[in-house]
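Peer 1: Let the hints inform the model, and build the full structure from the sequences given.
If you want the building blocks of each chain, they are given just below.
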Amino acid sequence: ERASDGQLNIIYWQAPSLLNPYLSGGTKELEAASLVIEPLARYNETGTMVPFLVDEIPTVANGGVSEDLTSITWTLSEGILWSDGTPLTAADAVFTWQYCTDENSGCAQLSNYNDVESVEALDDRTIKITFSVPKPFPYGPFVGAQSPIIQAAQFAECVGAAAPTCTDANFAPIGTGPFVVTDFKANDVASFAANENYRDPAQPAFATVNFKGGGDAASAARSVLETGEFDYAWNLQVEPEILTQMSAAGQGTVVSAFGTSVERMHVNQTDPNPDLGDERGTAAHPHPFLTDPRVSRALSIAIDREILVEAGYGSAGQPTCNVLPAPAIYASTNNDWCLNYDPDEANRILDEAGWVVGDDGVRVKDGVRLSVLYQTSTNSVRQGTQALVKQMWELIGVETELRNIDASVFFGGDPSSPDTFQKFFADIEMYTNNFDGTDPERYMGNWACAEAPSPETQWQGSNNQRFCSAEYDELVVEFGQTAALEDRAALAIKMNDMLMDSGSIIPLVHRGGVSAHANSLQGVLMNEWDSELWNIADWTRAD
Amino acid sequence: MSEALVEVRNLTMHFDIHAGILRRKVGAVRAVDGLSFDIMQGETLGLVGESGCGKSTTGRAILRLYDPTDGSVKIDGVDIASLNTSDLRKARPQMQMIFQDPQASLNPRMNVSEIIAEPLREHTKMDSAARDARVRELMDAVGLNRAFASRYPHEFSGGQRQRIGIARALALNPKFIVCDEPIAALDVSIQAQVVNLLEDLQRELGLTYLFISHDLSMVRHLATRVAVMYLGKIVELAPRDALYSDPHHPYTQALLSAVPVADPEVEATRKQIILEGDVPSPAKPPEGCNFCTRCPKVMDICRKVSPEFREHAPGRFSACHLMDE
Amino acid sequence: MFAFTIRRLLFAIPTLLAISFIIFAILDLAPSDPTGNLPLTIPPEVRAQIRSSLGLDEPFPIRYALWLNQFFINEPLNMIEGWTGWTIGDGERLRVTSWATRSPVVDLIVERMPQTLWVVGMSQIIAILIAVPIGVISAYKQYSWFDQIGTFVSMLGFSIPTFFTGLVFIVLFSVHLKWFPSIYDTNHVIDSWSSFVFQIKQMIMPTMVLALATAAQLSRYMRASMLDNLQQDYVRTARAKGLSERVVVTIHVLRNSMIPVVTVIALNVPTIFGGAIITEQIFRVNGIGQLLIIGIQGADIPLVQTLTFIFAVLIVMFNLIADVLYGILDPRIRYE
Amino acid sequence: MSDQDRIVAEAAVEVVAERPRTLLRDVWSQFTAHRGAMAGLAVFLFIVLAVSFGPFLHTIDPTYSDFRARNQGMSLAHPMGTDNLGRDMFAQVMQGGRVSLLVGVTAMGISMFFGTLVGVIAGYFRRLDGPLMRLTDLFLALPILPLLLVIIMLFRDTLRKAFGPEAGIFLLIVFIIGITSWMQTARIVRGDVLALKEREFVLAARSIGTPSYRIILRHVLPNVLSPIMVSATLGIATAIITESALSFLGLGFPSDFPTWGRLLFDGANFMTITPSRVIWPGLVLSLTVLSVNYVGDGLRDALDPHIRGR
Amino acid sequence: MRDTTAPLLDVAGLKTVFHTRSGDVHAVNSISFALEAGELVGVVGESGSGKSVTMMSLMDLLPRSAEIVGGEVLFEGRDVRGMTRAELLQLRGRDVGFVFQDPMTSLNPVFTVGRQITERLRKHMGMTKAEAKVRAAELLGLVGISDPERRLSDYPHQFSGGMRQRVMIAIALACDPKLLIADEPTTALDVTIQAQIIELVRDLRRKLDMGIIWITHDLGVVAGIADRVIVMYAGQIVEQGPVRDLFARPQHPYTRALLETLPKVTGERSERLHTIEGQPPSLGDEPTSCPFAPRCAHAFARCMTENPFRVDVGGGHDVACWWDPETGEMRDV
Ligand SMILES: Nc1ncnc2c1ncn2[C@@H]1O[C@H](COP(=O)(O)OP(=O)(O)OP(=O)(O)O)[C@@H](O)[C@H]1O
Ligand SMILES: Nc1ncnc2c1ncn2[C@@H]1O[C@H](COP(=O)(O)OP(=O)(O)OP(=O)(O)O)[C@@H](O)[C@H]1O
Ligand SMILES: [Mg+2]
Ligand SMILES: [Mg+2]
Ligand code: NI
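Protein chains in written order, with my numbering: chain A, 118 to 660; chain B, 159 to 483; chain C, 293 to 628; chain D, 24 to 333; chain E, 18 to 350.
Just so you know, these hints were derived from the structure itself, not from any lab.
All values reported here derive from a predicted model rather than from experimental measurement.
In this text, a Cβ means the ideal position worked out from N, Cα and C, and glycines have one as well.
There could be a bad hint or two in this list.
In silico DSS-like cross-links for lysine-lysine, where the CA-CA straight-line distance does not exceed 25 Å [to be verified]:
#1 Lys183(B) to Lys220(D)
#2 Lys195(E) to Lys140(E)
#3 Lys333(B) to Lys248(B)
#4 Lys195(E) to Lys150(E)
#5 Lys232(B) to Lys333(B)
#6 Lys224(E) to Lys429(B)
#7 Lys429(B) to Lys281(E)
#8 Lys248(B) to Lys220(D)
#9 Lys442(B) to Lys429(B)
#10 Lys140(E) to Lys150(E)
For the chain D half of the interface with chain B, some residues (derived, Cβ under 10 Å), not all of them [unchecked claim]:
#11 Thr82
#12 Leu163
#13 Gln207
#14 Arg210
#15 Arg222
#16 Glu223
#17 Phe224
#18 Leu226
#19 Ala227
#20 Ala228
#21 Ser230
#22 Gly232
#23 Arg237
#24 Arg241
#25 Pro245
#26 Asn246
Peer 2: Dropping the structure here:
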């Protein structure tokens, strides 16, 4: 029964700064907003699309997607109301598209509307999206937490440059979700109450939600697992043994789920030698030794991923050998050799490749020392990993110099800074990346030759290790034209394996989300494909 | 009498007072207000007066430790008040000062020989052996045991400390020494030692003193001529005996009558002139004669016109309307 | 005294202007990027667009002038409007807007002030209540066991970082004893006895952590000041008048000793705001200190600029208060 | 203080030219009489020696992680246990101590240098007093901790690049703590210099014709040494604490570069699993600050002429 | 209770020691003297001879480091040292007035002068606020401060040194004390102001008939106002007698030397001042010999081994010395 279970206390140690996901790309904002505003369809915990505001997911089979893959038509369910009582119409979706694609708005979710030519309201309940190119996977707009529908009436005045001035709307959007915002304190706490106009009269079970932010992950975990002050805590990036110990208090449960995030090493294919001046790190100068897949393979097999997981991730990590580890149909099994930690094999490979152990224990070949500069962003887990890897590599005669760079600089993308992950003026760099939703097309496109950052592109681009293969580029094009899921899966696996064989990426850990909920809270289905709170309407309190 | 070694003309020293929101100058403390007098070669001029009347300021302005607001000071023919820094530095050796507080005038972190040698280091090119020898000599001259050379000031008694100060002042063979209440901080039994020392040195070295004190009996003992100051001005200047036996200015009279005598017989009969009230602030001196607020013989003119300081009998100067009649 | 106060006030203006410039310049030179913390899935073009929508393209002097105008003219006018209900001009003014929340910075700060003031204010009061008696007794009984222990404890309090004390408190009182909540509820409204009790409970740990650190320092000052004054001649005069020891100490000596201590307290207040950053972080009091940290982490430059500047204003203001208090307490200065 | 207490019978000295009691020795004997200060000094020296020479005795590399031996309590091999990556805590505490102490001492040095410079100049030269004191007020009005955070966040990478990761951040932190904490010293020194300038021995030096800079060096500086020394000891303590606060806010040294504050912060969450991870860094940190404070207290007493000789 | 035959104040064998870090200081060694009601006793001696400490010991106003180690103080026959706290406060407040050495620091800077006077009146005379105020104004007038009602609400720093000293006297006189102890009340003042204050005290004495102890190191002042003189040296009384007799017939070599060193403002001007060579002894140990012996021109061997006791030389005049100035020989005691 609606509103019968009292208050739900949620803690996100990074507090949401507003509740409009279009103005902030951060996960915390997306998830907080997901209590209120909804997309047409969401991904469930297995990564399968489930209809939310519609009755059915359009496909080519059911005629919702055009044969030429250039348009998709959604039909809203009947009788869906905004929380202010007005009906949800197709015009709201059209407005949402216009809102985000306005040039002056600085919309953070713009990429979800890539290639969208138009969004039309065919009638009150029918939305037609037309793409400029064939879209084998046309579920970018209005699907998933990144792309919810906002109310045209509320945001009408807030388009373009005016978007940031609508504080009231940004702090308390009107939505169709199970809850409505009653109070919002930026970066602190949001309060929600059950939505009287929610489509399921029995939901949500909780009358109010107290959505608190601030502090650090460990204390958030403590408040659920040890003191029981909160019911749900998000993103518990805490050393595993601490979580284990806290869970022993018996107040709550740690849950985890895996999406597509992989902590990986990128192996520079170009020479980062500063002596090269302007040509430093460009395709003109291949890396002296890392372009040899054997070296990379030795480095990979010499890493005991189990230990890395145990030390830094616990239940939030699994060793992986793929840069594309999920969803299951895309996951390759061809690279599992790397799971098997084998320093002897690594030594053998290097010996074979002609690297001889020198007097100081470091391998040398043709006067080149097998010495790498290994950089990552500043973060205690990453520094732990670095330290462990350094030791593991020492065993196979690889000298490692560690470097860490502040995250805001490393990921900041400032073309004038030499320390960005795109410039990659090091031999190895390590970070996590993933993709939104379940479709890897864009993600796998990251490693096309043209994506390599270079002075010509102002060092923008996603192919940070500068992997370049004509064959791979062809596969990228082919991917964009293949519609059938099985074929797409086969292509993705092939591309993944190519990357692995090239040795330009060494995947380490498949990272999941870790959260904790109170034992009295029922219905939590941990989901990495969408908002963790995607099914909050179903949550109930056990007595 | 011999010629003047020090000629002071219209010496004026005002300290500005700033107040208000903008710290504008709102007035001045007229610490010294137009003094003119001479000090003869080899004499001791006593300068007496109540606390705050400007004695120390006079002494310091004469030695150009303050930059005087106005007036000139000639020592041995050189106008000290207008010298530039480097010439002033060269002129320093001939004029020195002895201070009131023997404790405060010695740097507690320097030992005796360093203190006495400082002027030598600044003004001579002596090597350290010569300096040491000179320090020994000076210590002998002021009656300090040579064995104390490496002691620190706090290990000495007041009288001994004052001797260190005197030795320092003598180091460069000055002609003129300003003694700013050199005995005020000392016990009676020690005062005499220092005074005798000063007298001996004057005799041996032909020194000229400006002896500042508020102890009238000690000034009488030491000075050849005495100047009496009141609120920034000299009210009377006369040879010692004349001043003590026949004071002209009413203030001098009151001052002398107020000094208690260590003899009950005398005390029982002594006529005192008790002055009413306090000394006015030098920032707001009264109109007319400075002494008019307390003067027992005040006349109407005193409240309007400031009397002129002039010589009305040979060697006797004073500033009082009574004398002008 | 009045002229003195006015003078200090006038001096505050150039000081604040200079500070505003320093703060603005330092932050502006920063190679920081407000989009740096966004997920990597957001492509560079989108980032560039977000940056330009934040107005990062204008040249430095213009942004400084704009900020000054917004901060010194627009915001005060807005506040006046808010209080009085008048409309000055057309009421449409550009406000200093936070990058992360896209809302006016001043509103955020106003929203957070109560928590900070409650916690900092209470902690100051408690600190004074603890420190003054300890300081007085330690000084009066110098070198007694009370003094020795007091000295030791206050130095200990001074030498343990607050973040550590805070954590120990949480583990002890929240986790093991379950006496107090470890997370401060900023939404809590006091409308009944039990809610009042709850408020007290949730304030105890943060205020105590801050209060202990402050008290440690204050009691040292208090002791030193008391020791100074106990040696003064007027104390002997008071005793000679046949006043009891209690009167001598609590009236004559204390009043004089409080003069320097009160100014120390006033001067300390801004530091406490600084110290509160850590405490707020630990207990999630989410006051202005936590706002600052979030701003720094998220490279929310306008927020950080404004907050830092507000801290500066607070410091200048409390300096002024300290001076005025000094004058009020000490007649020698009052009549200058 | 009256003369009496210092008088040495003249007769006795006539014979023996005894070694003079220097001021320094007076202070030292006074200092040694302060039990707290002596204990503080002993503890502080012990800690300094331990972190300087300890690593030669306990030779485990602080960055070596023995993964099988993680989260261990105290044992013979790891006297302070190990952390969650199996690194030896004792080695880390010593390594961290070197950094923390170096931060404390260097930052204090910087702040004393600036404080003394500004204080002496402002106090001695009337004309510079106004501007310099305004500058001091300005610095005092800067919100230190926020600015510290901001500056560190902003410039650490630039410096890191210029001086290497450790030296860069070290210089930055030390410089910033130093540059933001000289004001109190400057004020105290200025006050003392103002008073000293009126003391007659300075006047005496001027009447001799000693130039200003020599007066400052010879007469003023030695006499303001005592307040400077007291500020200096307290400065060390404050700098160490400030550094640890920065570490707590995640803006201190990088996580692979241990300082006591950093170790305490990293270990805080492990408080209930391996208490040794917080007890030891916390203990040495507190002990150091405490001992330095006591030394400062003792110095203050020893240097105060009114307490001395009573 | 009150013993009418007893002197106002009777001190016998008073000993005070300071415990300092560098050892004990025996500041007062076996001091005995008596004071009759209405009598003015002048106490002279050089700096550090224990004048202030003696007077402070009488009413136990010593700093914490001091301890009274022996002796007896009788006020009107009552044992002061044996009194309870309340009795002592009552005694200090009602019957004894103190004027301290330094007028600049002896008043509390943060309270008005009026409050500092009325405080005493209200506590010890049981007056109401209004009564006390009237009386305080009266007292200020008495000590020669003009416009007393208005000045009551002024703070000490608004008064000049001389006026502050007068305020101190007003406070001391507030409860019509039987005994006034003035510790160098004029040393910090100028001669003309000193003359005003001396005049004032003479005046008050005539009116109020108090016993007064007047400490000074100026023999001139003593000669002018005292009935009797006590000369102190190194924590001891070395000579004591009626003022005229003492000045006419100084017995102790120290007193004699003191009188000789003084230059005069009138009469004969000596060519050279007499000096007393040497220094007073340090007070680290209780003296076992005559403390003046090292500086004394007439010291006997006995002076170096035995501390002389006080010998009566007639006319209420006694001296702690074995040298007889009349004969130049050792006294026969
Ligand atoms: N640096 C200064 N600034 C302002 N006023 C000053 C300064 N020095 C002296 N005065 C004032 O000038 C006046 C004369 O002072 P001075 O020290 O010369 O008096 P004095 O006769 O030496 O007194 P004393 O006998 O107390 O030493 C006093 O009112 C004093 O307050
Ligand atoms: N607080 C104290 N601690 C230690 N010794 C003290 C203290 N006060 C006074 N003395 C010592 O006691 C002795 C007597 O001091 P007292 O103040 O009585 O001298 P005095 O005769 O009053 O001198 P003055 O004329 O300077 O006032 C001196 O040797 C002095 O050093
Ligand atoms: Mg003077
Ligand atoms: Mg005395
Ligand atoms: Ni002293």
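Peer 1: Determine for every hint whether it applies to the structure shown.
Peer 2: These are the hints, each one checked on the structure:
Only pairs whose Cα atoms come within 25 Å are accepted, and Lys183(B) paired with Lys220(D) is accepted, the gap being roughly 23 Å. Between Lys195(E) and Lys140(E) the CA atoms are separated by roughly 17 Å; this keeps the pair inside 25 Å, and the hint holds. Restraint check for Lys333(B) and Lys248(B): satisfied, since their Cα atoms lie roughly 14 Å apart, inside the 25 Å limit. Of the pairs offered as hints, the one joining Lys195(E) and Lys150(E) holds, with about 22 Å between alpha carbons and a cut-off of 25 Å not exceeded.
Under the criterion of a C-alpha separation no larger than 25 Å, the hint pairing Lys232(B) with Lys333(B) is consistent with the structure, at around 13 Å. A threshold of 25 Å between alpha carbons decides the hint, and for Lys224(E) with Lys429(B) the separation of about 22 Å falls inside it, so the pair holds. A C-alpha spacing of about 16 Å is found between Lys429(B) and Lys281(E), which places the hinted pair at or below 25 Å, so the restraint holds. With a CA separation close to 23 Å, the supplied pair Lys248(B) and Lys220(D) stays within the 25 Å bound.
In summary, the hint linking Lys442(B) to Lys429(B) is not supported, as the alpha carbons are separated by about 32 Å, beyond the 25 Å threshold. Distance check on the hinted pair: Lys140(E) and Lys150(E) sit about 13 Å apart at the alpha-carbon level, within 25 Å; holds. At a threshold of 10 Å, the smallest CB-CB gap from Thr82(D) to chain B is about 46 Å, leaving the interface hint violated. Interface hint at Leu163(D): violated, since its Cβ lies 20 Å from the closest Cβ of chain B, which is beyond the 10 Å cut-off.
Given hint, Gln207(D) at the interface with chain B, is violated; its Cβ is 24 Å from that chain's nearest Cβ, farther than 10 Å. A hinted interface residue such as Arg210(D) counts as satisfied when its beta carbon comes closer than 10 Å to some beta carbon of chain B; here the least separation is about 20 Å, so the hint is violated. Look at Arg222(D): its Cβ gets to within about 5 Å of chain B, closer than 10 Å, so that hint holds up. A least Cβ separation of about 4 Å between Glu223(D) and chain B falls short of the 10 Å threshold, and the interface hint therefore holds.
Taking 10 Å as the C-beta contact cut-off toward chain B, the hint placing Phe224(D) at the interface holds, the least distance being around 5 Å. Interface restraint check: Leu226(D) against chain B, minimum CB-CB distance 6 Å, threshold 10 Å, status holds. Taken as an interface hint, Ala227(D) checks out: its beta carbon lies about 5 Å from the nearest beta carbon of chain B, inside 10 Å. Interface restraint check for Ala228(D): the shortest CB-CB distance to chain B comes to about 7 Å, inside 10 Å, so the restraint holds.
A hinted interface residue such as Ser230(D) counts as satisfied when its beta carbon comes closer than 10 Å to some beta carbon of chain B; here the least separation is about 5 Å, so the hint holds. Given hint, Gly232(D) at the interface with chain B, holds; its Cβ is 4 Å from that chain's nearest Cβ, closer than 10 Å. At about 8 Å, the closest approach between the beta carbon of Arg237(D) and any beta carbon in chain B falls short of 10 Å, and the interface hint on this residue holds. The interface hint given for Arg241(D) holds, since its Cβ lies 8 Å from the closest Cβ of chain B, which is under the 10 Å cut-off.
With its C-beta approaching chain B no nearer than about 4 Å, Pro245(D) sits inside the 10 Å limit, and its interface hint holds. Hint on Asn246(D) holds. Least Cβ distance to chain B is approximately 6 Å, under the 10 Å limit.
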